[in-house]
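Chemist: This is what each chain is made of:
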Amino acid sequence: MAEPNVLIIGGGMAGLTAALELARFEVRSNVVESSPFAGGQAIGFSCKATSACVRCGACLAEDRLQSAVESPEIRILPSSRLLELSRSNGPFSAVVLRSPRVVDPDLCTGCGRCVDVCPEEAVRRAPSPYNRPPLAVDLDRCARFAGGDCTACVDACPESALAFDRGEERLALEPHALILASGFHVFDPREKPYGYGEMEDVITNLELERMLREKGGLVRPSDGSPPGRIAFIQCVGSRDERLGHLWCSRVCCGSAPRTARRLRFLEPELDVTVFYIDIQTFGRDFESAWNELRREFRFIRAVPADAVPTENRRVRLSYFDPETGSPDSLDVDLLVLSVGITPGRDLAGTSALLGLRRGADGFVEAGDSGNPPAGVTAPGTVLGPMGILDAVKSGKASAWRTLENLGMV
Amino acid sequence: MKSEGRIDILIIGDATTGSGVSETLIGKGFRVARADVEGYSHRSRVGGAIVVQAGERGPEFEALGLEPGNRVVALSDFLEALPDIQPFDKSGGPAPLVVFLLGLAGESSCRATRDALAASSVLLDDLGRRVAMLYGNLKVSAAGLEAEVREARRKGALLLRFSSARPTFVRNGEGRPAVECLDEASRRRLILHPDWIVKDEILRAGPGDLERAARLGAEPGPDGFLPSDNVYRFGLETNRRGILGIIPDADPLGRDTLEDDLAAAMLEMRALDRFDSWAPDRVAVIDPGLCARCLTCHRSCPHGAVAVGERIEIVPQACFACGICEAACPAKAITLRERDPEKGPLEAVPRPVLLDIRPGDLVTFGCRRSAERARALCGHLGAGRPADLVFVPVDCAGRISREMLMDAFLQDASGVLVLTCHPGNCHAEKGNLQARSRVGEVRRFLEEAGLNPERVRFNTLAANMGVEFGRMVREFKAELDQR
Ligand SMILES: Cc1cc2nc3c(=O)[nH]c(=O)nc-3n(C[C@H](O)[C@H](O)[C@H](O)COP(=O)(O)OP(=O)(O)OC[C@H]3O[C@@H](n4cnc5c(N)ncnc54)[C@H](O)[C@@H]3O)c2cc1C
Ligand code: SF4
Ligand code: SF4
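Top line first, the protein sequences correspond to chains Z and V. The numbers in our numbering rise by one with no breaks, and the one at position 249 of the first sequence is 249. The numbers in our numbering rise by one with no breaks, and the one at position 149 of the second sequence is 149.
Think of the hints as simulated: they come from the structure by calculation, not from any bench. All C-beta atoms in this analysis are idealised placements derived from N, C-alpha and C, irrespective of residue type, glycine included. Where hints are given, some of them may not hold.
[As the list claims (entries may be wrong)] If we take Cβ atoms under 8 Å as the criterion, some of the chain V residues that face chain Z in the derived model are:
# : residue
1 : Gly106
2 : Ser109
3 : Ala147
4 : Met266
5 : Leu381
Throw the hints in and build the complete structure from the sequences for me.
Modeler: Quick look at the structure:
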């Protein structure tokens, strides 16, 4: 086989790791990434370290992304998607559609002048400096793209990196193997009675991650003040029969306490309450960690009925206290919803295109039970909820199976 | 290229659990041998080693004040007894009750939940028994478990959760314990009279596991199993290249990953095969003419790469070129060397030198994995850093020597900031700690020389701490400017 190459769909932890491992065997890969920026969810996360690393795994995102971007064997195709796929004998035939490239990755230095001048706030900064390009224009917001004649960003760019005349591209590829690593969709908590989208100080754990990464601290979105008391509600959109989400999202039980500790490290007076159903094992020292955590924060084993605004602009949670056996309420300055992992929005279509089977929960079935066609593997959260380290390991396993399929090991 | 008779993988560890692993590996064409710790050294004709850790699984009855025997059993023993339990004849009164205790003493595991659910379904469907599950934290994070728990409840299993309180056990006349507890949901006091009490088992590393890790010079995690939980080990690799750790029989974190573990392990082994024939691009080399045989390098190398024999030598395949030994060697006998792209001879990797420092500059030394990335993110986020910051990247902070820091002061730097990974996050395990002690030495040095020791500072951060990078530099700068 001349120069084997692999098509990877999704540039998150699983996809990038698969690409990096294949590169160790001098196998080239194209990583088709639907968003303008590779790195997946994890590239927006923050470090939870206190006086030492707490093994959240978030910093691996920068490691994976930088290594992949710098690898000569890996080509990342942002703002792209797989359009067609077929196979007769030999390699697959794939057509990848790439959205118009407004920002030239070779010219853009990331200075951000376009961000400042755009009247539509359509220019987005990448989560990481290692994204290429480090900025992208959101074409759904851009006035020029909608047919207007705005030239604000083009005029502001000192590098002439912006251009609106580069059309869509169709790339024809002939991969010898495919890896579906398109990840997960974060649950949208609007359908839960916690006032998300109505009260500014009700945020998701994902928004909290990003706030910590980009601001280095926690403030109330409504007025920018530091909160004195916060609460986390676990399992929002997970373990929820009414939603038909009969799975645990696996990562939030680690994320909330680690984040709480980080916040307490930054702000020793912060009062934290965690509403939970069961705490799942996270970390290799979980037993002792859990015993300490219960002393450090207030853990209430209840699913709050609702969250409503109070007169003095706090958030009031109503719940049934299992310790006292009576209804109770708690007013907090900020409420964090630990939203869960759900199947990718277009996973039905993509998995069908690749011939992968999905289980009753909507995730791709793992291993042989998923009956993958020869040359196709699926690592990471397309298989179901898992954390960064497991997604990385899953990406490695997928690279191994791909090398086996290619007859290289 | 592989030499004749070479073994690809040594299996070190428990014989019984290891067998399935060996079969898988042999099935994939690896040449596998089983050995004890002594069988492995970087110099033997062995590609790598997988440490297969069985651990020890115990019901730990005493933690709940339970006495085993008389139908008080461990979950795995109950699974064995299950085939011999006869269906209950409904006409003979109320169905006997089987009580499962999960996570009431020690944290439970997904494996225990799965086993208890499987047993329950047989008890409920085929054997006419009643089932109650009493649990602390019910572990349901493995695939499919949440749905199975709900299915068991539908079939009539009684699920009782315990947050802080615990059930108590009282023996009745026949010596059978009755279970007394408060049901949190209904606030009712319950007394159960089970026919069987089945307790989950907790997996822990045994003395054998710990001893093996110590003899291999491989860093275990806080639970005693290999590898350590340093995230750069990816839950598979140890600090010693080519030695991997797996726990086939367990998924402490609720993962079902043996298949993935093995696939990732085989990948690593094949990659190292190739690596063997490439030889690493960067290694530390000892100059035998300068070496004083003090063994400082041997003690300080976090990767077990320094072999002590007739000569003290660094085994290239084991070396990660962190440079800790280079900075530590009192005789200055060690230098990092790298191959040029044409795979020519090894050339010295220049020690970071400070060019173009202007008097009064703030000089920051930072490792590439954490500090340099945080610096890039800081710039990207526009989180502001002083323009007159001189940043000196090093592959690992362990390479920062006292001389490098002093050199900055000799060139009239106003201050020196050393930024490394957080404790526990250093790829070389202790490059960051090493750098911290160098900073300590320089502080003392400055003090003795009558200079302000606050002019050198040590901080830790992670790759994603762009804002914090800016803050650390600005704060230090402001303090220096005040003087
Ligand atoms: C709030 C929150 C906190 C978390 N905290 C932690 C933590 O502290 N520690 C931890 O270990 N884990 C944590 N996780 C889990 C972590 O996010 C995942 O383990 C990780 O992101 C999984 O990586 P992945 O590659 O499987 O998927 P993703 O990160 O989802 O990456 C998939 C990529 O594929 C792209 N894509 C999607 N569809 C397509 C398509 N059709 N075509 C092309 N590309 C596509 C996406 O844009 C994305 O870039 C957290 C998750 C959440 C939601
Ligand atoms: S991001 Fe997470 S894994 Fe990395 S240093 Fe911080 S706490 Fe440790
Ligand atoms: S450079 Fe690091 S890994 Fe290599 S021998 Fe020296 S201390 Fe060991």
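Chemist: Just pull the numbers of the violated hints for me, sorted ascending.
Modeler: Those not satisfied: there are none.
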